[in-house]
Amino acid sequence: MKRFLAFLGVFFVVLIGGYLQPVFFPADKMQQEADKGRPIVSHTALPYEEISTSGYAAYIGEKITDFIAEFGEPLEKHKTGMGYELWIYGEEDADYLEVNIQEEKISAIKAFNDSKATTPFSIGMKLSDVSELMTIYSNFAFTYKESSYNVELMEEDMNYRPLIAFDNKTFAILFFNHGTGKLSAVTYLDKKSLLTLMPYQLLEGEATPLPINEQLNGFDAVKSNQVIRIINLLKLKEGLPIYYTNTDSQKNAQKLFETLNKNQKNILSPERAESWQFSKEQMTAEAIFTLTNDEYQKLLKAGQLDKKKATGMYTEPIYDPTFTVLSWFSDSLYHSRFAHQENENIGVAFSKASMLVLLQETEKEISQTEESE
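Per the numbering used here, the sequence shown starts with residue -8, numbered consecutively.
Keep in mind that the hints were calculated from the coordinates and are not lab data.
Check before you lean on any hint, since a few could be wrong.
Said to hold, decoys possible - Simulated restraints on C-beta separations:
id: 1; residue 1: Ser260; residue 2: Ala85; range: 30 to 38 Å
id: 2; residue 1: Glu354; residue 2: Lys160; range: 48 to 56 Å
id: 3; residue 1: Gln268; residue 2: Glu40; range: 40 to 48 Å
id: 4; residue 1: Glu277; residue 2: Glu95; range: 27 to 35 Å
id: 5; residue 1: Thr44; residue 2: Glu82; range: 43 to 51 Å
In this text, a Cβ means the ideal position worked out from N, Cα and C, and glycines have one as well.
With the hints as extra help, turn the sequences into a complete structure.
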């Protein structure tokens, strides 16, 4: 009997304790106590730091007259139909420089030349060299025209297209060649240009739409030649053979361009056709449309070109052709298409904000390949 009463006593104590435990020892408090011993992981990126403005960065946002006083008149001036005028400096590839002009002010400078004006950067340096001079940041939060923006760089961006901020509120994108890992060019730009080109992910805010009211119909030979020059310039820097150009390669590129527009149902799935239409409606860097390799192969077939002897790419919308080519050479997927050691012809069809690049083996390479087979 005594044992039974003792059992009941213990039972009721345990029962009452179980009911009262949440009151005296709330679960949240217990969890807080348990968490005290765990490290707190923060997903908030470090606020970026600005470096001192120097060289070409000092001219961004300034009147073009100041630049002319220092560097002289350009060799060429071209209207782009994108709201800016393109000035080209440098007869030799080693001196090549592009300047974007908007309303008599400099909005961007693309420096391929190893000049003191690129200091603290120098063409040919490695990312490790840059890391010794400054920190490479992944997030950039800033305001433009009373709107807030937050830019995030992925790992590949930080390795091949890092963004640098200057204390005059301008930026620079360092383009590292994916094949050599060396700095190919430095693009200096203002906030508006960055938001228009926007090669990174936007966590807050939207990319600036491209202007479309100044676009001309037909193929743009000036932009096509500009793209070919930049591609060959970058191939030379990498020690690769340059592309040959001829009338046939240009005609083939234009033929493929027209074939895509006429036969998109045979090349694109309904979903991809919708993506292409969305890109045309948005006209922003966030809605870029690019043919996949399989789609490009279908295009070659529709255009009756030998798929084994040709490759290339199609993309739109394009605001700055040189910037697009630099992005290609800093990207592992696209760089591989330009890294061939064989001699090839190149054709570029550029119309409005769309560009098609066609790379074909030369007749000599084709005959050698056929003989080996």
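Status of the hints after comparison with the structure:
1. Between Ser260 and Ala85 the beta carbons are some 45 Å apart, a value that contradicts the proposed interval 30 to 38 Å.
2. For Glu354 and Lys160, the Cβ-Cβ distance of about 53 Å falls inside the hinted range of 48 to 56 Å, so the restraint holds.
3. Restraint check, Gln268 to Glu40: a C-beta distance of roughly 42 Å satisfies the suggested window 40 to 48 Å.
4. For the hinted restraint 27 to 35 Å between Glu277 and Glu95, the CB-CB distance of approximately 29 Å keeps it satisfied.
5. Look at Thr44 against Glu82: about 29 Å separates their beta carbons, and that is not inside 43 to 51 Å.
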